[in-house]
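With the hints as extra help, turn the sequences into a complete structure.
Chains as they are written, first to last, in this note's numbering: chain A, 1365 to 1702; chain B, 653 to 950; chain C, 62 to 394.
Keep in mind the hints are simulated off the structure, nothing from the lab.
Only true hints are included.
Short, incomplete list of chain C residues facing chain A, as computed with Cβ under 8 angstroms: (1) G219; (2) E256; (3) N324; (4) V333.
To be clear about the criterion: a stretch of chain B counts as covered by chain A if any three or more of its residues have a C-beta under 8 angstroms from a C-beta of chain A, and this derived list gives those stretches: (5) 838-850; (6) 863-875.
Just the calculated beta-carbon pair ranges, DEER-fashion: (7) A763/B <-> Q215/C: 44 to 50 angstroms; (8) R144/C <-> L691/B: 39 to 45 angstroms; (9) R144/C <-> Q1663/A: 54 to 60 angstroms.
C-beta: ideal position from N, C-alpha, C; glycine also.
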Amino acid sequence: MNELVLEVTDLVQEFILRDRGGGKAGVVHAVSGVSLELASGESLGLVGETGSGKSTLARAILQAPPPRSGSVRLRGVELVGLRGRRLIQARRHAQMVFQDPFGSLDPTWTVTRLVQEPLVAFRVGSAAERRRRAHELLELVGLDPVRYGNRRPRQLSGGQAQRVAIARALALDPSLIICDEAVSSLDVLIRAQVLNLLERLRTELHLAYLFIAHDLALVKQVSDRVAVMYLGKLVELGPAEALYRRPLHPYTVALLASIPSPDPEAPREPVTGTIRGEPPSPIDPPSGCRFRTRCPRAQDLCASQEPPMRQLADGHFAACHFPVNADAPAPEATAMSH
Amino acid sequence: MAAPTEGLVPGVLEPAVVAPPPGEEGRLGRLRVLGGIWLPALLVAAIFFLCFVWPIIGPVPSPTGGSILNSNDPSFTPGHLFGTDATGNDEWSRLLYGGRASLEVALAVTAVGLIVGGTLGAFAGYVGGWRDGVIMRALDVLIAFPALVLAVAIAERLGPGELHAIWALSFFSVPAFGRLARAATLRVREQNFIAAARLSGTGHVRTLLRHVVPNILPELITFALLGMGIIIVLEGALSFLGLGIPPPAPSWGNMIAQGEGILSAQPKFVLLPSAALFITVVSFNLLGESMRARWTAR
Amino acid sequence: MTAPLLELDDLRVDFRQSGHVVRAVDGLSYQADKARTLALIGESGSGKTVSARAIMALLPETARVTGSIRYEGTELVGLSERRMRALRGNQIAMVFQDPARSLNPTLRIGAQITEAIHIHRQVSKAEAHDRAVELMELVRLPAARERFRQYPHQLSGGMRQRVMIAIALAGDPRLLIADEATTALDVTTQAQIMELLRDLQERLGMALIMISHDLGLAASYADEVLVMYAGRAVERAATQTLFGHVRMPYTRALLGAIPRLENAPHTTLAAVPGQPPDLATQPPGCPFAPRCPEVTDKCRETAPPLAEQEPGHLWACWHPCGLEDSAAEEVAV
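Here you go:
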């Protein structure tokens, strides 16, 4: 059995909204008690729309900024509570690739210098060795170091810039890479290239991915398991194939129905049957089940009692009182075992 | 170089026209862009050359110690291009040396502002919290005063003199640069490449020096160039009020002050330093503007 | 067969950029009919947005437009600004991509809608108010009367886009151009907005041109699809036809690159190498040649013309898929 690269338990992240005078005007409940696990070499997709908290979750995992409460164990080491140099040391096994490739690369640095930065920070090898390693990394991501090494980010295309970001992320031999909408800003064909690259690196280097996106089809294609977030909470978690074939949570059903299929013959179930209304505000989330205001299956129980995350099929969990496609509800189980 | 309007799609970042590595740009384009920078740069270089280098290597008489026997020579007298003043000093020489004094002050004040103010502002913007608050409140107090009033008050306290003028004007330039540096730092700090640097393991000091500073520098330098013009005028005002460079050492400001009394009789004593001031300030402004245009076009 | 509402004929748009000329749109021709949806599909640099802005005469000074754009018989290229303004927003309306940037953050949304109404109609303030509320209800904006007095920042992205659509509809346009109108929105919201647009089209009989990079969207909502690459139309057909037999390798590449729900996890996507072309340095021949898996010397020398090679299906390719020599399999849809 694979060891666990990442264990997140009851993570909570909040932001305080200030009004004009600086007083507290409200609290944004960005992440409200999320737990998940990732095994070495496994790929977990995290899907959610705007306001779901998925990006905030990613940053909270990396302690940037640290979460309000909860636990994050990276390769067995607890990150929450660590600061300064100790945090940097413990965190080196996790890296992140951001959505905007240009925003994540310092425009005044050259490509080689950017890729070397983690090596410099951790004083790995001599200057010559670092340079060699940077060239290796660039080749690994499909960029010719001679041609691209001295360029600055604005002399690169989006796809090339993202490859540089990936090369940098690989510099310290991480165990976990968090891809936060890493391909969403890229053109369709370039996106496919970068996805294939990420897939190849995953198998070659035995990396674990936390792949965050709002596109369920994309996520499903690159992940072993998929987690669905809504308004700060995990609503469903399960094997990618199972989630697609037998979604348990009504929100997952809505997401699947919203995906435009490139097949004009495919039957179109209008989305309006699966979800209604507008996303509520994370400052004042609905009581009980947060999805209830938009759920076509909502009942009184949903308003008064928050549904716990229950295992309803093999390795497949959902937080819903009235799940879809479920057989007899499994016994209550709040812990999720892998 | 992004394509004209394609690629405005905020979700899709592939630029249709990928900027070629340096050296591959079209010739004509290069000329046009650089024309905007080269002309004012040339002017500024010429002004510096005239004020700092020419008096040393060229036939420029001393600006002071002229003989009263030569007083009030008209322009184009042999040996005196613009004539002499009431005490026999060569006007051309006074113009050049006066420029040197004014520019020295402006450079010093800008340098102090850039280094001290820039550092304070960048630090405040980067660390945030109570340290940011303390620094900015201190700078705010200084900014609250109109620049000239502040400078006059301090210069009055200290008395006339080039060094004192630099001191007085620095009280204005430090907070100005500080504010700008802080605002620029705040903007840069939000960028993902700072987060990426931290994730790469880079410490705070290195992040500040190697990531933040290079990215706010263009803005600061542009501001410095535009500020040179302002400082020169302020110095001129101080000298005009008798608080900057004291006569007989010339500065454009005190030359204007001295010439004011005989403005109708001999307008050249006011017009010449004023024209010099004007040309210098405009040159710096043009240079600053074209640099700003260049940086924002990127 | 009624006359088309909008007809483009050999449209070309050039930009002067630092000394050289960039041809953003290179000979585009198509028609848009009433109550039908045409999808313009392309990636960055394809020219789809530039061509739409050319229709609306919203291009910057550096642009030079040649060719013909006829709206109900009236030639739009070279039309005076005054006459264009009468058409813009009134008969031809456009919805842009990012509602956050298109709405004035300092004006209440009710005011922005009534402003649009006043431009095109001589009505009293009260009438404009009622019409605005009517429009807000038409675009299914919940609690229309209350929202009237709200500011854009108080609305979600989906709601703001609905406001944009309401503004676009204020003049009762016959043609609506949606330029990546749903790209910045969440998937569920995107689906809702697309369904709204299609619904409105049915009700109001508008012609709809939807511009996108998402072929999936085109498959689901368009009657006809036109694929663009490097400023040219490379394939055009009715939706069923195009997806049934894709001919142009670029279109096939686009289809292959879309992640499908049906695919098992860790399937490799069919990806073509290379980058979108640099419009400033266009070599002769087919613009897709550097990346095309079917490329031959002929492709590099001569650009294939866009021609109707099968009834109702036009493409520009020397070696189309599914025919003659290409070993390519029929696109599995």
